[in-house]
Amino acid sequence: MQLTGDRFTSEAAAFGNDLATLPNFPAEIRAPAGTLPGVSSFQLHFADDDILTPGDRPDVLVAMNPAALKANIGDVPQGGTLLVNTDEFVKRNLGKVGYDANPLEDGSLDAYQLLPVAMATLTQGALADTGLSKKDAERCKNMFALGLLSWMYGRPTEGTERFLREKFARKPDIAEANVLAFRAGWNYGETTEAFATTYEVAPAKFPPGEYRQITGNAALSYGIVAAGQCAQLPVFLGSYPITPASDILHELSKHKNFNVITMQAEDEIAGVGAALGAAYGGALGVTTTSGPGIALKAETIGLAVMQELPLLVIDVQRGGPSTGLPTKTEQADLLQALHGRNGESPVPVLAPLSPGDCFDVVIDAVRIALRYRTPVLVLSDGALANGSEPWLIPDVDELPDLRVTFATEPNATDGSGEHWPYVRDESLAREWAIPGTPGLQHRIGGLEKADGKGSISYDPDNHDRMVRLRQAKIDGVEVPGLEVEDPGGHADVLVLGWGSTYGPIGAACRAIRKRGQSIAQAHLRHLNPFPANLGEVLARYGTVIVPEMNLGQLSLLLRARYLVDVVSYTKVAGTPFMESELVDVFSEHLGTTLAEAA
Amino acid sequence: MTTVDLELGLKPKDFKSDQEVRWCPGCGDYVVLNAMQSFLPSLGLKRENIVFISGIGCSSRFPYYMNTYGMHSIHGRAPAIATGLAVTRPDLSVWVVTGDGDALSIGGNHLIHALRRNVNLKILLFNNRIYGLTKGQYSPTSETGKLTKSTPMGSLDHPFNPLSLAIGAEATFVARTLDNDRAQLTSILTAAAQHRGSALVEIYQNCPIFNDGAFDVLKEPGEKEQRLIPVEHGQPIRFGPDREHAVLRNDRGGLEIGPYDENRVVVHDATTDDPAYAFALSRLSTQDLAHTVTGVYRNVDRPTYDDQARAQVSAATDAKPADLRSLLRGRDTWTVG
Chain S
1 MQLTGDRFTS
11 EAAAFGNDLA
21 TLPNFPAEIR
31 APAGTLPGVS
41 SFQLHFADDD
51 ILTPGDRPDV
61 LVAMNPAALK
71 ANIGDVPQGG
81 TLLVNTDEFV
91 KRNLGKVGYD
101 ANPLEDGSLD
111 AYQLLPVAMA
121 TLTQGALADT
131 GLSKKDAERC
141 KNMFALGLLS
151 WMYGRPTEGT
161 ERFLREKFAR
171 KPDIAEANVL
181 AFRAGWNYGE
191 TTEAFATTYE
201 VAPAKFPPGE
211 YRQITGNAAL
221 SYGIVAAGQC
231 AQLPVFLGSY
241 PITPASDILH
251 ELSKHKNFNV
261 ITMQAEDEIA
271 GVGAALGAAY
281 GGALGVTTTS
291 GPGIALKAET
301 IGLAVMQELP
311 LLVIDVQRGG
321 PSTGLPTKTE
331 QADLLQALHG
341 RNGESPVPVL
351 APLSPGDCFD
361 VVIDAVRIAL
371 RYRTPVLVLS
381 DGALANGSEP
391 WLIPDVDELP
401 DLRVTFATEP
411 NATDGSGEHW
421 PYVRDESLAR
431 EWAIPGTPGL
441 QHRIGGLEKA
451 DGKGSISYDP
461 DNHDRMVRLR
471 QAKIDGVEVP
481 GLEVEDPGGH
491 ADVLVLGWGS
501 TYGPIGAACR
511 AIRKRGQSIA
521 QAHLRHLNPF
531 PANLGEVLAR
541 YGTVIVPEMN
551 LGQLSLLLRA
561 RYLVDVVSYT
571 KVAGTPFMES
581 ELVDVFSEHL
591 GTTLAEAA
Chain X
1 MTTVDLELGL
11 KPKDFKSDQE
21 VRWCPGCGDY
31 VVLNAMQSFL
41 PSLGLKRENI
51 VFISGIGCSS
61 RFPYYMNTYG
71 MHSIHGRAPA
81 IATGLAVTRP
91 DLSVWVVTGD
101 GDALSIGGNH
111 LIHALRRNVN
121 LKILLFNNRI
131 YGLTKGQYSP
141 TSETGKLTKS
151 TPMGSLDHPF
161 NPLSLAIGAE
171 ATFVARTLDN
181 DRAQLTSILT
191 AAAQHRGSAL
201 VEIYQNCPIF
211 NDGAFDVLKE
221 PGEKEQRLIP
231 VEHGQPIRFG
241 PDREHAVLRN
251 DRGGLEIGPY
261 DENRVVVHDA
271 TTDDPAYAFA
281 LSRLSTQDLA
291 HTVTGVYRNV
301 DRPTYDDQAR
311 AQVSAATDAK
321 PADLRSLLRG
331 RDTWTVG
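For the record, the sequence lines run as chains S and X.
Residues in the first sequence are numbered consecutively from 1, following our numbering.
Residues in the second sequence are numbered consecutively from 1, following our numbering.
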């Protein structure tokens with residue numbers, strides 16, 4: 001089903017629609033088919049104008065079996081279209097999910113446009129002459145559904161046919177069967193009177209340029225490759241498989257021709273350790289994981305803080321604590337990223353706001369890591385990782401110059417001709433003196449070091465100074481100012497978010513403005529250090545609402561740092577906010593404001 | 001590859017750092033440090049091309065005392081960190097210094113995986129059969145029944161035989177020596193340095209504070225001859241004051257100790273591909289030190305992880321240019337405007 005969703009998304013993208021997706025699948029690889037926990041769904045929102053979310057409630061639900069219908073019918077508004085594979089609506093399957101009667105027949109779906117289609121039977125019929133077994137033929141029914149949908153929405157089909165032929169290049173008979181099923185679905189729509197209606201969703205109006213569709217994990221991967229190229233450094237990824245971050249490891253493993261080495265380590269700790277070892281040797285060291293992996297990597301990130309070596313750490317957040325909800329989204333690792341290590345251990349933290357933004361955020365994170373010689377954490381999440389959107393392909397010539405200068409000369413300030421590892425530059429970064437450089441032999445480690453010279457030091461004043469220096473270095477990291485979207489400049493309520501909530505927050509703010517009210521929106525891409533103007537922005541608004549998919553972690557930081565009593569709105573359901581839900585929440589505060597004004 | 005230059009003219013003192021060595025007086029670590037500083041010039045490597053990476057523990061202070069590049073990392077993780085360095089920097093000679101707690105307890109996972117990958121690392125495992133830096137708890141190599149602060153009624157765990165573990169983990173180079181045998185230590189370090197791949201060298205080393213005399217029976221004249229079984233490649237394995245004992249093949253396909261017998265004595269072959277032989281040798285060493293085999297047990301060739309990882313990058317680079325523009329565009333694009 002995820003593949004079918006991906007293809008329909010690609011067709012929408014190729015047609016020029018704006019789009020946003022929400023894949024939703026169980027953590028189990030082969031969850032029992034036809035049961036409610038086994039339902040794998042893919043929500044796609046496409047439009048002829050600029051959209052920000054996968055949508056609250058789908059206009060069309062394609063249900064391949066009773067479980068899929070039961071699990072999702074609650075999301076479909078009355079009057080919505082249900083395209084249903086009737087072949088699966090047999091007594092046994094109905095019973096599995098607790099339907100006493102067949103909902104296709106008992107009138108319970110009267111409020112919807114029901115389009116019953118025997119998809120398996122029709123697919124098997126279309127493939128009767130291929131020599132494929134009935135079972136293999138039946139497996140192509142998702143492509144039948146895709147063909148039918150493609151006809152309903154007038155989607156281009158060449159891309160899907162090409163895709164199928166490439167995907168099954170080694171099994172040409174399976175490839176042709178899928179193409180046949182796909183065409184059969186299309187033809188079924190075209191020739192059946194039941195489908196009187198087709199829908200036209202015209203291409204959206206985007207800024208000019210060349211576009212493609214991209215998921216967050218792909219954008220992170222490309223960002224890493226691009227950063228290595230911009231820095232002219234080899235990339236070393238040390239990673240351990242974990243949902244939903246493994247796709248970054250998979251993607252980077254395909255691009256060794258960009259001087260990328262990927263190592264599937266024995267565990268999370270080895271992944272970050274090897275990345276740090278590579279960074280010590282002058283490579284761009286990267287490790288990718290999800291929340292539980294960050295917990296395991298904490299000690300090594302602390303070592304990187306102490307050794308002041310560049311390191312990129314990517315956390316694709318998922319539901320927690322512990323194993324939590326591996327395939328669902330959440331943003332509850334913010335405090336772990338900021339504070340989840342022993343001692344005073346500051347690291348810069350960034351968070352992308354959309355799938356495409358993952359690319360830019362990684363490049364910015366690498367800029368900071370290389371310039372300040374520090375580990376940097378990037379907080380993506382499950383919704384960004386698998387969700388996709390149209391992406392204006394970056395101009396390679398416009399990417400930043402991230403080249404670094406390795407130390408080549410001894411730097412001791414006492415004229416001894418030695419190399420002192422903890423001599424700092426104007427941004428408080430120490431030199432990156434890599435092994436192999438003559439005359440710069442030195443030792444670094446996790447023990448506290450003397451300021452400048454870098455010998456082991458237990459001196460109390462030195463430790464106090466070094467703790468403050470490490471903090472001052474990170475506090476001084478240059479980050480862009482926070483931009484506020486406040487058309488008209490009259491808003492009294494500001495909504496401040498971070499990470500993947502950008503879409504639903506933005507959509508809710510637009511909806512509110514459309515009905516004539518003012519509301520301001522700002523979104524933090526830098527969580528540490530905060531943009532320098534954040535305090536001033538917060539002070540400008542009477543009410544600041546902070547929606548988060550956690551129990552108020554950013555709110556806690558804002559209250560502590562700026563003494564502003566922000567309004568925290570939280571949800572930890574494993575799914576993104578809905579636009580309508582946020583409109584209601586924001587409206588409560590707008591209402592108060594209006595009433596007071598009156 | 002590491003460049004070798006025998007004309008460098010480096011002396012042992014050139015490998016001493018300016019840091020004051022802070023091990024306890026009488027610690028076996030001094031012997032190893034001195035042997036290392038004396039032996040390194042013979043490798044013909046430039047100091048800047050040598051890196052020592054350690055974990056945590058007494059022995060892990062080692063890098064601070066070497067005038068090379070060095071990293072004192074975190075407990076148990078040195079093999080993982082060193083792997084990342086070795087994979088990306090083929091020009092370096094990377095050494096891991098670790099102890100019995102560091103390598104076999106908290107870092108056991110990284111050790112076995114480094115060995116099976118056969119990364120170009122030389123791992124020196126200082127085994128004093130005790131936790132020193134944390135002041136005297138039993139370690140994974142302590143003999144059963146060890147009385148320590150954490151085991152006042154005696155330790156219960158059966159100890160690891162580090163070399164059995166390493167061989168089981170597919171190690172390609174495995175050796176053992178004692179801190180008081182400088183000649184053997186130097187010859188083993190040389191062989192390890194020349195080995196392409198992971199080399200594990202276990203060094204029995206005395207902790208004079210928390211486990212003093214742990215290896216005395218292997219050092220005392222009269223005792224040591226009965227217990228130490230030194231192996232040399234190509235030589236029959238004989239020991240005893242009059243070389244009257246030998247390692248013999250038994251009829252169960254394994255090895256045993258018995259009176260020298262010309263027909264049954266094992267001629268040591270470290271290059272034997274079948275790890276069962278080296279494993280059988282390692283099993284002759286018992287936790288009560290009744291017998292201990294020293295020398296290079298196993299020294300075989302197998303492609304290394306890091307060489308192959310770099311070869312994949314070269315192959316990919318040769319096959320396809322690094323065209324970032326093309327990567328970012330992907331396959332399906334559309335143009336607006």
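Hints are computed from structural coordinates only; laboratory data are not their basis.
Be aware that one or more of the hints could be misleading.
[As the list claims (entries may be wrong)] Far from chain X, some chain S residues (derived; all Cβ distances over 10 Å): (1) Val201; (2) Val260; (3) Ala278; (4) Gly436.
[As the list claims (entries may be wrong)] Calculated pairs, DSSO-like style, for lysine-lysine (alpha carbon to alpha carbon, straight line, at most 27 Å): (5) X:Lys13 <-> X:Lys46; (6) X:Lys13 <-> S:Lys453; (7) S:Lys453 <-> X:Lys46; (8) X:Lys135 <-> X:Lys149; (9) X:Lys149 <-> S:Lys167; (10) S:Lys70 <-> S:Lys91.
What you are looking at is a predicted structure, and each value in this text was computed from that prediction instead of being measured.
The C-beta atom is built at its ideal place from N, Cα and C for all residues, glycine as well.
A quick look at each hint next to the structure:
| no. | hint | in the structure |
| --- | --- | --- |
| 1 | Val201 | holds, 15 Å |
| 2 | Val260 | violated, 7 Å |
| 3 | Ala278 | violated, 4 Å |
| 4 | Gly436 | violated, 6 Å |
| 5 | X:Lys13 <-> X:Lys46 | holds, 14 Å |
| 6 | X:Lys13 <-> S:Lys453 | holds, 21 Å |
| 7 | S:Lys453 <-> X:Lys46 | holds, 23 Å |
| 8 | X:Lys135 <-> X:Lys149 | holds, 9 Å |
| 9 | X:Lys149 <-> S:Lys167 | violated, 63 Å |
| 10 | S:Lys70 <-> S:Lys91 | holds, 15 Å |
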